[in-house]
Amino acid sequence: MDDRVREHAEVLVEWSARIERGDDVVVSVAEGAHDLGVAVAEALGERGANVVTLYGSDEVSRAYLNAHDGDFDESPEYERALFENADSVLRLGGGRNTAADADVPSERRQAYSKAREDVREARMATDWVSTVHPTRSLAQQAGMSYEEYEDFVYDAVLRDWSELAERMAKVKDRLDETDEVRLVKEDTDLTMRVDGRVSVNSCASVAYDSHNLPSGEVFTAPYATEGEVFFDVPMTINGRRVRDVRLTFEGGEVVDWSAAQGEAAITETVETDDGAKRLGELGIGMNRGIDRFTDSILFDEKMGDTVHLALGRAYTSNFPEGSEGEANDSAVHVDMITDMSEDSRMLFDGDVVQEDGKFWFEE
Numbered sequence: 000m001d002d003r004v005r006e007h008a009e010v011l012v013e014w015s016a017r018i019e020r021g022d023d024v025v026v027s028v029a030e031g032a033h034d035l036g037v038a039v040a041e042a043l044g045e046r047g048a049n050v051v052t053l054y055g056s057d058e059v060s061r062a063y064l065n066a067h068d069g070d071f072d073e074s075p076e077y078e079r080a081l082f083e084n085a086d087s088v089l090r091l092g093g094g095r096n097t098a099a100d101a102d103v104p105s106e107r108r109q110a111y112s113k114a115r116e117d118v119r120e121a122r123m124a125t126d127w128v129s130t131v132h133p134t135r136s137l138a139q140q141a142g143m144s145y146e147e148y149e150d151f152v153y154d155a156v157l158r159d160w161s162e163l164a165e166r167m168a169k170v171k172d173r174l175d176e177t178d179e180v181r182l183v184k185e186d187t188d189l190t191m192r193v194d195g196r197v198s199v200n201s202c203a204s205v206a207y208d209s210h211n212l213p214s215g216e217v218f219t220a221p222y223a224t225e226g227e228v229f230f231d232v233p234m235t236i237n238g239r240r241v242r243d244v245r246l247t248f249e250g251g252e253v254v255d256w257s258a259a260q261g262e263a264a265i266t267e268t269v270e271t272d273d274g275a276k277r278l279g280e281l282g283i284g285m286n287r288g289i290d291r292f293t294d295s296i297l298f299d300e301k302m303g304d305t306v307h308l309a310l311g312r313a314y315t316s317n318f319p320e321g322s323e324g325e326a327n328d329s330a331v332h333v334d335m336i337t338d339m340s341e342d343s344r345m346l347f348d349g350d351v352v353q354e355d356g357k358f359w360f361e362e
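For the sequence shown, position 181 matches number 180 in numbering that gives the first Met the number 0, and the numbering has no gaps at all.
Any given hint might turn out to be false.
Claimed, not checked - Pairwise CB distance ranges, derived in the manner of DEER restraints:
#1 Tyr63 / Asp150: 33 to 39 Å
#2 Gly251 / Val51: 36 to 42 Å
#3 Glu45 / Asn65: 37 to 43 Å
#4 Asp243 / Glu120: 31 to 37 Å
#5 Gln139 / Arg242: 16 to 22 Å
#6 Asp243 / Tyr63: 29 to 35 Å
#7 Arg344 / Met0: 44 to 50 Å
#8 Gly251 / Arg287: 29 to 35 Å
#9 Asp154 / Ala263: 33 to 39 Å
#10 Asp159 / Glu354: 23 to 29 Å
Source of the hints: derived by calculation from the structure; they are not laboratory data. Predicted model only: the values in this text are computed from it and were never measured. The beta-carbon is built from N, C-alpha and C at its ideal position, and this holds for glycine as well.
Construct the entire structure; sequences and hints are all you get.
What follows is the structure, given as structure tokens:
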């Protein structure tokens, strides 16, 4: 086994999930993430944690959803109970086919997602962390050789997270004092309110309310969104390629949308429920160890010089204690990315805090 796989597991278990002896841990292992699953199990065993392992497969999910009549039991108790009794949930991604479930009918996908909202909330109430193991399918999607993609993944994952947390704290502190954020670039002029929210310094650890490895973003939950935004970073949504998305907001909701490719995926997202028409997240990418787009949202949204916005569910970590009920509710959380590296500005209360990808504190 590549030594970096064990290093990845150690970072996940020790830094990210902060697993302690006696913790009850659910580990979901994708079909291509076997080696990482083995390394994580070893790391958990060394800490004396209790482990239940699940098998995660897009192909298995596709078979089930395509065969089902679409009348799903709501909030299945047996599955919800597993997460309600877990301390941590570790999700190890890395499938064999990134478009394995592309032919699942959208209405069935939506029905399944809505029926499992309580299950999802139970999982997200744990100290959950998602990561990915480099696989050949992900390398192919990224347009890289497998060896090159391995290097890319580990450059993003195996880094000095404490040092990055200190840099990101500068943006978090400034954002927490801000009422309005504005994004300006070609085909984009968007404003959103962020007052009354708490931003998260997402440095790949549950100790910071951060649940992705790699991470490297500062995010919050915006509202009262107005204007237009152009997402120029291609991505895959529900197994379908999406490119050049344009959204128009009025009164905090999407009122018009288009895409040069994959518009049906955007329509499906927006029409999922009322919450899917509103933003659930504004994320500012700050991980410069991620130096190219790879068509993987886990990496692309953390890349320095980018901003991502998510339609749908907001994270309760962005709300002060007692106001979590104000969080935008939806069965979906779909991120889309815009490149801020050239001819762009991000303003906090009218002050330019980032121009052409460079923050005010950077040389």
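Cross-check of the supplied hints:
no. : hint                        : verdict
1   : Tyr63 / Asp150: 33 to 39 Å  : holds (35 Å)
2   : Gly251 / Val51: 36 to 42 Å  : holds (41 Å)
3   : Glu45 / Asn65: 37 to 43 Å   : holds (41 Å)
4   : Asp243 / Glu120: 31 to 37 Å : holds (33 Å)
5   : Gln139 / Arg242: 16 to 22 Å : holds (18 Å)
6   : Asp243 / Tyr63: 29 to 35 Å  : holds (33 Å)
7   : Arg344 / Met0: 44 to 50 Å   : holds (46 Å)
8   : Gly251 / Arg287: 29 to 35 Å : holds (32 Å)
9   : Asp154 / Ala263: 33 to 39 Å : holds (35 Å)
10  : Asp159 / Glu354: 23 to 29 Å : holds (26 Å)
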